[in-house]
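If you read the sequences in order, they're chains A and B. Each number in the working numbering corresponds to the 1-based position in the first sequence with 161 added. Each number in the working numbering corresponds to the 1-based position in the second sequence with 2 added.
Watch out, some of these pointers could steer you wrong.
[What the hints assert, rightly or not] Beyond 10 Å from chain A on every Cβ pair, some chain B residues (computed): (1) A12; (2) G76; (3) E123; (4) T307.
[What the hints assert, rightly or not] No farther apart than 16 Å at their CA atoms in a straight line, the calculated lysine to aspartate or glutamate pairs in the EDC-like style are these: (5) B/K364 with B/E403; (6) B/K349 with A/E221; (7) B/K159 with A/D287; (8) B/K159 with B/E123; (9) B/K349 with B/D231; (10) B/K349 with B/D237.
Hints in this document: simulated from the structure, not taken from any laboratory. Backbone N, C-alpha and C define an ideal beta-carbon position, used for all residues, glycine too.
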Amino acid sequence: MVTNVSSQDTVTALREAVCEAAATRTPLRIRAGGTKDFYGNPTAGSVLDPRCHTGIVAYEPSELVVTACAGTLLTELESALARHGQMLAFEPPHFGDAATLGGCIAAGLAGPRRTAYGPCYGGVRDFVLGARMMDGRGEILTFGGTVMKNVAGYDLARLLVGSLGVLGVILEVSVKVLPQPPVQLTLSFELTQQASLERLNAWAGQPLPLSASMWHAGVLSVRLSGSRAAVADARGRLGGEMMDVSSADAFWMQIREQTHPFFAGAEQLWRVCVPSTMPGLELHGSQMIEWGGALRWLRSSQAAQAIRAVAQAGGGHATLFRGESACEVFTPVSAPLLAVHRRLKAHFDPAGIFNPGRLYPGL
Amino acid sequence: MNRQREMVSALSETLPRHSILWRAEETTPYECDGLMLYRQLPMIVVLPETEAEVAQVLRLCHARGVPVVPRGAGTGLSGGALPLGAGVLLSLAKLNRIIEVDPRARTATVQPGVRNLAISEAAEQYGLCYAPDPSSQIACTIGGNVAENSGGVHCLKYGLTVHNVLRVRGLTMEGDSVEFGSRAPDAPGLDLLATIIGSEGMLAVTTEVTVRLVPRPRLARCIMASFADVGDAGDAVAALIAAGIIPAGLEMLDQAASRLVEPFANAGYDLAAAAVLLCESDGTPEEVDEEIEHMCTVLREARATRIQVSNNEAERQRFWAGRKNAFPAAGRASPAYYCMDGTIPRKRLGEMLRAIQALEGKYGLRCPNVFHAGDGNLHPLILFDDGDPESVARAEAFGAEILERCIQMGGTITGEHGVGVEKLDQMCSQFDTSTRDAFVAVKRAFDPAQLLNPGKVIPTLHRCAEYGRMRVSSGKLAFAELPRY
Numbered sequence: 162m163v164t165n166v167s168s169q170d171t172v173t174a175l176r177e178a179v180c181e182a183a184a185t186r187t188p189l190r191i192r193a194g195g196t197k198d199f200y201g202n203p204t205a206g207s208v209l210d211p212r213c214h215t216g217i218v219a220y221e222p223s224e225l226v227v228t229a230c231a232g233t234l235l236t237e238l239e240s241a242l243a244r245h246g247q248m249l250a251f252e253p254p255h256f257g258d259a260a261t262l263g264g265c266i267a268a269g270l271a272g273p274r275r276t277a278y279g280p281c282y283g284g285v286r287d288f289v290l291g292a293r294m295m296d297g298r299g300e301i302l303t304f305g306g307t308v309m310k311n312v313a314g315y316d317l318a319r320l321l322v323g324s325l326g327v328l329g330v331i332l333e334v335s336v337k338v339l340p341q342p343p344v345q346l347t348l349s350f351e352l353t354q355q356a357s358l359e360r361l362n363a364w365a366g367q368p369l370p371l372s373a374s375m376w377h378a379g380v381l382s383v384r385l386s387g388s389r390a391a392v393a394d395a396r397g398r399l400g401g402e403m404m405d406v407s408s409a410d411a412f413w414m415q416i417r418e419q420t421h422p423f424f425a426g427a428e429q430l431w432r433v434c435v436p437s438t439m440p441g442l443e444l445h446g447s448q449m450i451e452w453g454g455a456l457r458w459l460r461s462s463q464a465a466q467a468i469r470a471v472a473q474a475g476g477g478h479a480t481l482f483r484g485e486s487a488c489e490v491f492t493p494v495s496a497p498l499l500a501v502h503r504r505l506k507a508h509f510d511p512a513g514i515f516n517p518g519r520l521y522p523g524l
Numbered sequence: 003m004n005r006q007r008e009m010v011s012a013l014s015e016t017l018p019r020h021s022i023l024w025r026a027e028e029t030t031p032y033e034c035d036g037l038m039l040y041r042q043l044p045m046i047v048v049l050p051e052t053e054a055e056v057a058q059v060l061r062l063c064h065a066r067g068v069p070v071v072p073r074g075a076g077t078g079l080s081g082g083a084l085p086l087g088a089g090v091l092l093s094l095a096k097l098n099r100i101i102e103v104d105p106r107a108r109t110a111t112v113q114p115g116v117r118n119l120a121i122s123e124a125a126e127q128y129g130l131c132y133a134p135d136p137s138s139q140i141a142c143t144i145g146g147n148v149a150e151n152s153g154g155v156h157c158l159k160y161g162l163t164v165h166n167v168l169r170v171r172g173l174t175m176e177g178d179s180v181e182f183g184s185r186a187p188d189a190p191g192l193d194l195l196a197t198i199i200g201s202e203g204m205l206a207v208t209t210e211v212t213v214r215l216v217p218r219p220r221l222a223r224c225i226m227a228s229f230a231d232v233g234d235a236g237d238a239v240a241a242l243i244a245a246g247i248i249p250a251g252l253e254m255l256d257q258a259a260s261r262l263v264e265p266f267a268n269a270g271y272d273l274a275a276a277a278v279l280l281c282e283s284d285g286t287p288e289e290v291d292e293e294i295e296h297m298c299t300v301l302r303e304a305r306a307t308r309i310q311v312s313n314n315e316a317e318r319q320r321f322w323a324g325r326k327n328a329f330p331a332a333g334r335a336s337p338a339y340y341c342m343d344g345t346i347p348r349k350r351l352g353e354m355l356r357a358i359q360a361l362e363g364k365y366g367l368r369c370p371n372v373f374h375a376g377d378g379n380l381h382p383l384i385l386f387d388d389g390d391p392e393s394v395a396r397a398e399a400f401g402a403e404i405l406e407r408c409i410q411m412g413g414t415i416t417g418e419h420g421v422g423v424e425k426l427d428q429m430c431s432q433f434d435t436s437t438r439d440a441f442v443a444v445k446r447a448f449d450p451a452q453l454l455n456p457g458k459v460i461p462t463l464h465r466c467a468e469y470g471r472m473r474v475s476s477g478k479l480a481f482a483e484l485p486r487y
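If we strip away everything but chain B, and leave its shape as in the complex, we get (with noise of 0.2 Å):
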């Protein structure tokens, strides 16, 4: 209490006073982001409004040897904004300024507070946009986006977020400005720009982003694509790709994914099919003709029981609809969701999907699956009640083994959402302990006195050796208790 206090004062000599917030009913706000089994009251909320308050904030925390974690909306889906109870909370949501577009360089700077959407809404007068689109891109800001190298529904085709992000300027935890990547391609000295975007606000705090703008397409049209069997859904994906096939969107729904959603959202889907393909195409009007036309032949080929072109824009809307409203219509169907986000090989879609399967008869849950299938990018929707202490730690078991399989597969713990808190134990499995140590090299290279958003992506060596010891004792994931550090 007197530390907050202090702190209290003495954030109060830079910042107004209405931007610290320090009682529980102002903080209460801030105790998760997205990812809500977690939860943690931080011992002061700071809001700065411009780039040399952050200075200052930080310059004082470092002083004083307090951590700091920073925030853009919240909408992170791994804990990765979390507070600290002994730390700040640094909310950059009041920097939301477009600072510039220039449709002639076709780029945008802007600073972190501002949203996803945004970006595009303000070039799209230029008949430009911001391409990567991930599914809160309505809320979600670019310096979140940066934080976690965020993706969306057209990265196959366009890129993540370290593709499009051409410069970030930012703060080091000591209050130093510092500059990542320029307008200019090949920013000399080592590629920090590549480091800095995923790093979960861990190595600089970002003040203003300069992002690449894309021309949109003048068209863009989406087969809707049945099939009897998972499998044959993932051979489709890859017979597409080997066909020399870059969808501009490659999307799956699972059979429970579909009826999920289709009350919800009236897309259309195909209730009795296996699996929901949804493949975009987009480009001039006689391109996307002859890639449409492609893709069809390739999709038959590949078993499917049903085919549906969008003929217009309206069309094609109401065939994503029922995807992007995937998550809003989980959470209506059951008390709570849990959303993993692996990636592993496209081949191996079909495989994992029984494996999953398997896994809802083990830990009593059920289980939709909705995927990035041109990425092999996977989001289960694990529900779960979570007033039930038993169903929750059920479904964090299920997840725990979700990920562990996306490692034997050859694949990825986090596609997109991050590392955050929630997937501290599973970097143990997919890292080994000299690589880990690189990761703790690079968290001291950018912040020696380990004060940025400490504790998160990194599991101590402590950690691994008990997750090590719990998982060789069980045979499987024991039920952890939450939250568990």
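Okay, chain A solo, but in the shape it has when bound (with noise of 0.2 Å):
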């Protein structure tokens, strides 16, 4: 299947638009649909609009695999899927209709199955199997494929994911998809945050169809996906209350966009990752716990090094999602890393060019 791809003409007008910045060393803000605007440090630039390289390049269900420019929005593809009964097994978050499979990979965030079991965990660089970037020399770099075992050369497709558009500008991303699991359900408990925790970590431990949780205001709720005997057997292991179906739907859409009300407001939203069996996080604020305990959503004005503190005492990091603030927004590298990024940096964008800062200052 094979719809509206883009021309060789719009990758020669990328490519002149990039020499041309590399050669006045004028800075690029890559932006298709802006709906992550919020997310990163601020960057300045022109902004370089990628949607031009548009539409679903290769699909067939039967491979797993979809192959789409950058440009494609997020919906078109998943309706895409749909139709043959797959999906995007990351379950992205959109942040708004405009959102592009580029900037999905660019921000490299993941919804509430990331820490599923069995064949569906996963964040986006769990399901990258190839991509086609263009660099700051508008050279075109072609890296893994669309096979699922593929060990040629060094895996730099994932390198790409949440990368925040600092090494080049994506043009094409070959994705690993699956099935949608015939029966989904959702369950609730009332329950504190410490007994949650406790459970979450307990039912990792066995063989239960997870598909996500969350834990917010002393209620867990937890969702099973996959066929109809797995899913009766896990229900009748957990007890709690049921959610009727499109209540659940809703539910769950209202986590992964961040419509639930505990997203909204202006206070600073703090995405704090841990080990799944870090205690409940000693800091002001109301949280909100995703991926079995994982993930932390923090709403909070204390100050960033005291949640980094905490959040790096647990063997964890934090960074600031949504929210004004003079702090870096990410979670610093060590040094031996950090020189690691300047040099790839240096040679995949030798000008400096590409979203300048936007992940860690000088890079």
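Two chains, two frames, some hints: make the complex.
Put into structure tokens, the structure is as follows:
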């Protein structure tokens, strides 16, 4: 199945823009739908819109792979998959109708299904099989491929996931897709935060078809996805109260898209990633827990330093996801790793034009 | 020789004498890995016992400009651990401690020399296991698995090494400690963990690995299906996946492979079938029953001529015994065998099998095939005589042509064994110059002095030019001398 594949002309136009910016050392801000403008450090520069590069290049359901141009709308991609009973298994948040595949890969954000059991687990990077990108010289690089197993050369397709565009312009991505689960249901339990964390970690050690979890304000909700028999068996083992199907779908959509009331308001929103067994964060503010305990959303005006200290003491890290602040958005990396980041940037983007500073200052 | 003496004496200041080998009778066991076509005695072998000793070895070699080749169990099949005559072979085999199994967090933290299977054995008491299970899992180490991004027979459902490793601690060539990934998801910065995994020991030396453990399924059952035509078997694989099924394992043997392993393994394979498909389901008993029934329906519709379902664990193990013994059986049937490792889109499995059959005639060598069919990952086993240089050359040319076909079919030259030294030429075919330049840049970003396992994975510009000329001039791959650097 092929739709509206971008032509050689659009690549040429993109290359001209990149080469001109490189020659004049003019920063470029790679931006498609702009749905994730809020994410990352602020970056200046003239907008480079890769949306001329759009369309599904190849999709064969029996290969479990879809290849699409970066400018393809996520909604368009997901409907094409749904027509064949398949899905993007990392359940990416859109944060707006204009969200594109390229932005999804560059942001690297996964949704509620991130830590599911069995074939469904994983973040964005776990499903990326290959990518084409344009570097700061206007050269097109092709990494990985469209097959499930591929260890030829370094795995640079996954390196683009979460790179926030600092290495180059993503042109095309091949993603592993999965069948939609035949049955899905959501159970709710009235539980404290600590009791929820205990249960989530205990359940994750058993072969249960858990595909999402969320705790907030004394209620734990978990989603089960799988075969009829597996979901029925798990329901019997877990108990709890069952949500009706349409409210459950709307509920998980609210979590994924951050339209749940927890996310409303202007207070800073921190995305704290920790080992799932870490006890409740001892920080001021309200919390929402996802991913079996590994993701803690925190609404708090506490100082960045205090929040990072708690996250790092537990083996995790904290990102200022939304909200104004003078602090660094991302937790800094160690000196030897930063040196590697700088050398990679120097090769892929020698003139330093792509999204300067969006990931880290000087990068 | 002077260089060797000088290095031995320098190393002796930081390592105990028993950890340094340099006499030929001591270093010979390290002259090759699982790819025995390539051999080279290293100048020195070191066997450090602690991370601090590894760091000292690296600092010393870095200061003196001596290249280092890391090695795990030496089971690799692409020559990734092939020593350098003027280099130090760094064995991580003695760093073999399981540091921690945390059943509540479902993680295990281990040193690089711990064997793959030992992790699952340590986790078994908690009902957990480490999912990637390469066929060499009783011997291969987790450090080697990280280097090669190893797979196994369950990776369609449970993923490869890259999906199951959370964190790698390592040392740069300069001896600096670095940590990639973390126990928490989405570690900050670029995803260098994904870059390290499958980097064939060229970017950093792994000293500690934290892996994810998954719950053991309550039950597994296996279907053994026969097909009268290899194309039908390939179509059946596509049909299963199109039906929304992700089998826990999906493996194929062609007739030559079934006939090769049957006398050895007594697995009960249908020797009249052109291809045998092994299709596994795991989960709760009810879930498995439901899925097995669904799988059988799809297989029947896909023209399976015979279907058997394992009724108990012993029978399931028997079905798998043939597949798991394919390599040793090949070793028994022929003086030597050359195991290839390409991946192609699943829908082209039948076409590839027919192409390989045609190549058997062209090169005058037999080539039974076993496939990780669910992943489209082929393991043709070229049988040849390693005592006859002409037979060796034919086997190599045969293998190279299979890899070129993989690229032409939209696949890759290696699914899980790595490039090593074996597939340097085909890297020239699979990747253009700009992309290969990016690989060189990544290598330099981690190892500016280019002393860590140099000469592997990334072909030189000169080599690619020569390979291009050779292919153009003869219209096919010439029989090259061995080895060709």
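Evaluation of the provided hints:
1. With a cut of 10 Å on Cβ distances, B/A12 stays outside the contact zone with chain A, its closest approach being about 24 Å.
2. No Cβ of chain A approaches the Cβ of B/G76 within 10 Å, the least distance being about 18 Å, so the stated non-interface status holds.
3. Non-interface status of B/E123 relative to chain A is upheld: no Cβ of that chain comes within 10 Å, the nearest being about 17 Å off.
4. At roughly 22 Å, the least C-beta separation between B/T307 and chain A is larger than 10 Å, which holds for a residue marked as non-interface.
5. Note on B/K364 and B/E403: the hinted pairing holds, with a Cα-Cα distance of about 11 Å set against a maximum of 16 Å.
6. Between the alpha carbons of B/K349 and A/E221 the distance comes to roughly 10 Å, so the proposed pair stays at or under 16 Å and holds.
7. Restraint check: the Cα-Cα separation between B/K159 and A/D287 comes to about 12 Å, which is no more than 16 Å; the hinted pair holds.
8. Distance check on the hinted pair: B/K159 and B/E123 sit about 21 Å apart at the alpha-carbon level, beyond 16 Å; violated.
9. Simply put, B/K349 and B/D231 have alpha-carbon atoms about 14 Å apart, close enough for the 16 Å limit, and the pair holds.
10. Proposed proximity of B/K349 and B/D237 is supported: the alpha carbons are some 7 Å apart, at most 16 Å.
The structure shown violates just one earlier hint, number 8.
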